[in-house]
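Given the structure of chain A, go ahead and fit chain B onto it with the hints provided.
For reference, the chains in residue letters:
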Amino acid sequence: MRKATVATLILVAGAIGLLASACTGGTSGTSITTTTVTYPESSTTSIIQTTEYVDTGCVTCHTDEATVKALAVEPEGGESLNEGEG
Amino acid sequence: MPQLAAWEKVLVNGEGYFDTVHGRIPCNACHGGVGDTEDFDLAHEGVVMDPDPVASCLACHEEETVSHVDSLHSTLAGYTKVLEMRAGGEMSSGLQEAFDLHCTSCHATCGQCHVNRPTTVGAGLLAGHDFKKIPPMNLTCTGCHGSRVNDEYKGKNEMAEGGHYPADVHFNPGGMACIDCHPGEQMHGMTGEQTHRYDGPPDPDCEDCHDVVGSNPQHSSLHLEKVTCQVCHTVDYKNCYSCHVQKSPEGVPYFKTDPSQMLFLIGKNPLKSPDRPWDFTVLRHVPVDRDSFSYYGDNLLPTYDNRETWTYATPHNIQLKTPQNASCNSCHGNDALFLTPDKVDPDELEANQNVIVDGAPPAMP
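Chains as they are written, first to last, in the working numbering: chain A, 1 to 86; chain B, 1001 to 1365.
None of these hints come from the bench; they were simulated from the model.
Be careful, since some hints might not be right.
[Stated by the list, open to error] Covered, in the sense of this in silico footprint (three residues per stretch, anywhere, with C-beta under 8 Å from a C-beta of chain B), are these stretches of chain A:
hint, stretch
1, 52-59
2, 62-73
3, 80-86
[Unchecked claim] A few chain B residues facing chain A, derived, Cβ under 10 Å:
hint, residue
4, 1017
5, 1122
6, 1129
7, 1240
8, 1241
9, 1242
10, 1252
11, 1260
In this text, a Cβ means the ideal position worked out from N, Cα and C, and glycines have one as well.
Next comes chain A alone, as it looks inside the complex:
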C-alpha cells in the first residue's frame, strides 16, 4: 500500500513536471505561442456612444402614426412657380 502510494505520487509529480516544462516553452521542443490581443480604442467622435443621447421623445412620437398625423406640418407655399421640364 505504501509502495503504491509512493508510486502514485511519483507519477503525479512526473506529470506535473511534464506540464510545467511544456508551459515554460523550454528547450524540450514543445512551446506555446502566445498572442497579445488588443482592442481598438473607441473613437471619441463615434456616434455609437449611446450614453450621451436620450431619444425617447423622438421615438415615442415618430413611431406613432396618430401622433405624426396630428403634428406633421405640410410645407407652406402654394403651387410651384416652375414652368417646363426640370
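Same frame as chain A, but now just chain B:
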C-alpha cells in the same frame, strides 16, 4: 413620383427599425434636436433633417464616406465645370448665387439615397427609416434623374403620332436597375477623380458586357472606330431649351424652360480623346441660354460660346434595331439625322462649331 403626405415622410417603422444596426443609434446622435422631451418645438430645436455624411456616417463607413464627399453626386462638380466654361473660367458672385438657389437641390447626401427620397422631390423616408443598401431606383435615382433618364429608360416619352417611344432594352425586357450599370463604387466616387461624368473612358462601357467585335457586319472596324454605340442604337430623346431662373417677389426661386423636343441628331464628338476616340456621337440640346441667369446679374456668361449647346449624350433608350441602323442608307446620305447648320439656332452657331457637320456621310452605292 407620387408625393408623400407630411406625416408619411417622418413615420418611423417602430416594428423593425430599432432592431437594425442603424436603429440602435440614438436619433439625435445624427439628427440633433432634443430627444428627451415631448414638447414639439423644443424637440425640434436644432434638428437636422438630412445629416452630414462626415458627421454621421464616417465613423462606420469610412471608405465610402471619404470618397463620396468628393464625388460628383456630392459636389455637383459637373455643373460648375460647364458653367465656368461659359463664365470666363470662374463663378461670379451672381452666378454662384443663382447656382446655389437653383441648381444644388440635387446634391446627394448618404441619406438622400439610402434612407430618404431626394430633397429635390420633397424628401420623405423610403421605408420607415430603414437603411436601403441598394436604393430603390424609382424613388431615389429617378427623383433627380427624372426628366430625361427616367422617361427615356422606362419608355415614358410620348411620340407625336401617338403612343410612346420604347423603353431601353436594358429595362424592358432586361429588367435592369440603375445600379446594374452604375454600381455603388461609381456613385460613391470610388472609381477615380472626376469633374464631369464624361471624364475618362466610358463608365459603364457597353463592351463591359457586349462582345461587339465581329458580331454582325455593321460592327465593322470602321463603324466601331468612328461612331459611338448610341449613334446606331438610340432613338429620339428629349432636348431642352431656354431655361431661365429667377425669384418671385416673395423670394421664392423658380425656373422656366421652353417646351422640350424629341429629336435624334448625330454630330461631331466634342469629347474626342484616346478615351473616347470616335468621330461622331449623338448630341442633346441643353437648356442654357446667354441670359439664363440674367436675373442675378448682367453678362454672367461672358464666354457662353466656349462650350457647345448640343452636347455629347448617352441617351438611356438603347434599342437593338433603330430606324438609322435598318440599312446602310437609313443613315448614310440621310441629312435629317445629322446636326447640320440649318438645325442650329443662329445665336448658337458659334458655340456649336465643333459639333456641327456639313451633312451625312455619302450614301452607299
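Against the structure, the hints:
no., hint, in the structure
1, 52-59, "holds (count 8)"
2, 62-73, "holds (count 9)"
3, 80-86, "holds (count 7)"
4, 1017, "holds, 8 Å"
5, 1122, "holds, 8 Å"
6, 1129, "holds, 8 Å"
7, 1240, "holds, 6 Å"
8, 1241, "holds, 9 Å"
9, 1242, "holds, 9 Å"
10, 1252, "holds, 6 Å"
11, 1260, "holds, 5 Å"
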